[in-house]
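Protein chains: 2
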Amino acid sequence: MSEKAFQDYYTEEHSLCYGCGRLNPHGLKIKSYWEGEESVCRFSPGPEHTAVPGYVYGGLIASVIDCHSTGTAAAAAYRDEGRPMGSKPEIRYVTASLHVDFLRPTPIDAPMELRGTVKEIKGRKVVVGITLSSKGQVCARGEVVAVRLNQPLGG
Amino acid sequence: MSEKAFQDYYTEEHSLCYGCGRLNPHGLKIKSYWEGEESVCRFSPGPEHTAVPGYVYGGLIASVIDCHSTGTAAAAAYRDEGRPMGSKPEIRYVTASLHVDFLRPTPIDAPMELRGTVKEIKGRKVVVGITLSSKGQVCARGEVVAVRLNQPLGG
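Protein sequences, first through last, are from chains A and B. Here the first sequence stands for residues 430 to 584, where the numbers follow the working numbering. Here the second sequence stands for residues 430 to 584, where the numbers follow the working numbering.
So that you can see chain A by itself, here it is in the shape it has in the complex:
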């Protein structure tokens, strides 16, 4: 896929995150894209991401929901303002709250697909809803309240 992911537009300082930073050599390096009105992230767990044999541990699910959601919040804000992704001044969001409902065990031997929808975008706040599926079944649902940084941390 030649399309750039949301995370490919992050500045260097914001590309060190364990969850979504392209420059963190140990991290998950998740990638998020628009597909129409939804943001989509596909992530294949590694064998180390076990809960019990065969299933993904909850912390990985929470991590991917979190980073996919803050990326979605930033992308939604750029779109809402009619600005191209990555244009200055940089728009970045941090997580105020994260909620995950675990509906069934998530298989470790298949990619997880996360689909995000922007439930609210108002002032400095964006609320993102996430549906996480694997092998065609919804395994978890998430909701993230993301808050816009007045200026990027350290910026």
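Hints should not be assumed to be uniformly reliable.
If chains are identical, the list can't say which one is meant, so a pair holds when it fits in one copy or spans any two.
Simulated pairs of lysine-lysine, DSS-like, Cα-Cα distance not exceeding 30 Å [said to hold, decoys possible]:
1) Lys-564 <-> Lys-458
2) Lys-564 <-> Lys-554
3) Lys-554 <-> Lys-517
4) Lys-548 <-> Lys-433
Source of the hints: derived by calculation from the structure; they are not laboratory data. Since we're looking at a predicted model, the values are computed, not measured.
Using the hints, position chain B against chain A.
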């Protein structure tokens, strides 16, 4: 410390979790203990657990809250039934829902201290509240609804 942690009593099958399994060579290997009525977990983030330079990424915070809470739920159930930790049949809990409020950035260069309290223990459900502090400041609060496995997965 010679005291055994909650996780040291888990069966082999439940010791592979990336968050809390003593047998996962890549994982976080968190350890939880009673301190009176509270359960305590101290965890030192690694340099790779970055969000932005100097601070811990949210997924690590969610992961440690999750595993410390399910461990607390199991320990509370053993205690509630007047049974020693690790006695058979094994008591294990899984996460039904996880909520995290991120109150301020969590420094990466200090241990995080998580203190858990059992807010409810009834039937198959235990609700655990978590306060996560670092350098003497509360950085996050969490709540986990944990549900008891009728029989251990794969058991």
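The hints, checked one at a time:
1. Lys-564 <-> Lys-458: both (22 Å within a copy, 29 Å between copies)
2. Lys-564 <-> Lys-554: between (33 Å within a copy, 28 Å between copies)
3. Lys-554 <-> Lys-517: within (19 Å within a copy, 49 Å between copies)
4. Lys-548 <-> Lys-433: within (24 Å within a copy, 45 Å between copies)
Checked against the numbered hints above, the structure breaks none of them.
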